[in-house]
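Model the placement of chain B on the given structure of chain A, informed by the hints.
As they're listed, the protein sequences go chains A and B.
Using my numbering, you'd call the opening residue of the first sequence number 2 and step up by one each time.
Using my numbering, you'd call the opening residue of the second sequence number 3 and step up by one each time.
Calculated from the structure, these hints are not laboratory results.
Quick list of simulated restraints, FRET-style, between CB atoms:
| # | chain 1 | residue 1 | chain 2 | residue 2 | range |
| --- | --- | --- | --- | --- | --- |
| 1 | B | 61 | A | 4 | 16 to 24 angstroms |
| 2 | A | 66 | B | 98 | 20 to 28 angstroms |
| 3 | B | 18 | A | 15 | 48 to 56 angstroms |
| 4 | B | 61 | A | 10 | 25 to 33 angstroms |
| 5 | A | 52 | B | 110 | 34 to 42 angstroms |
| 6 | A | 54 | B | 10 | 34 to 42 angstroms |
| 7 | B | 41 | A | 81 | 31 to 39 angstroms |
| 8 | A | 70 | B | 84 | 39 to 47 angstroms |
| 9 | A | 83 | B | 44 | 24 to 32 angstroms |
Computed from a prediction, not measured in an experiment: that's the story for all the values here.
Note that CB positions come from ideal geometry on N, CA and C, so glycine has one too.
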Amino acid sequence: TAGITQAPTSQILAAGRSMTLRCTQDMRHNAMYWYRQDLGLGLRLIHYSNTAGTTGKGEVPDGYSVSRANTDDFPLTLASAVPSQTSVYFCASSEGTGGADTQYFGPGTRLTVL
Amino acid sequence: SQKIEQNSEALNIQEGKTATLTCNYTNYSPAYLQWYRQDPGRGPVFLLLIRENEKEKRKERLKVTFDTTLKQSLFHITASQPADSATYLCALERWGFKTIFGAGTRLFVKA
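Excised from the complex, chain A in its bound form:
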C-alpha cells in the first residue's frame, strides 16, 4: 500500500516563482493536512481539509493556498515564493471520522527558495 505520496522530493525555486506541491493518498481518508517543519520549531500546520470540497487555515497559512477537489488529492500552492518558505513540507491524512486523529505522513518535499 502506497499510503501517502508527495512530489517532488526536493526542489530549488527562485524567489517570486510559483510552485505546486502534490500530495495523494490511497487510504480514502477524509481529512488531509499540510505542515512545514523547520529546525527547532517542529511541525506547523499550514492548511487542512476535513473532507473533500472544504479547506481551512492552520497556524501559518500566509503565502500558501490549497484545494480539495476530491478525496485523494490535496495540492499546496505557493503563488510567489519567498526565501522564508524554505522548509520541509509534509502532507498527512487521517480518517477524520471523530475520535482519535492519528495522522499518516508522506515522505516530505524539501523546498529551497533562493
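Positioned in the frame of chain A, the structure of chain B alone reads:
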C-alpha cells in the same frame, strides 16, 4: 494558546538501558496524546496513543504515561537498541482544535 515542550537537547543512552523522553504542555488537557517517531529525511510515524482518562499504555518495549495533574507525558523505551535512534515527537489533540506537535527530542542509542 496551547504549548508543548519537549527537551531540545539530544538524549544519549547506552544500548540495553531504558530511554525516557518527556512531553510537557500548558493550558488545557488534551483528549488524546500521541507519540510519533521520525527518522532523518522521513515523515513522522505513529507509535502510541493515550487517552486523557488513561494513566499508562504499553506496546512491546514502549510505554507511555499521562499525568493530567502535572500536564506531562513520559515515553519510555525499554531494552533500547541502536535502531531506536530517531527523533520522537509528542502531539496533543483536543476536540474542536487541530492537533499540535512538539518539536521533538533526538534519541541516540550507543552500541
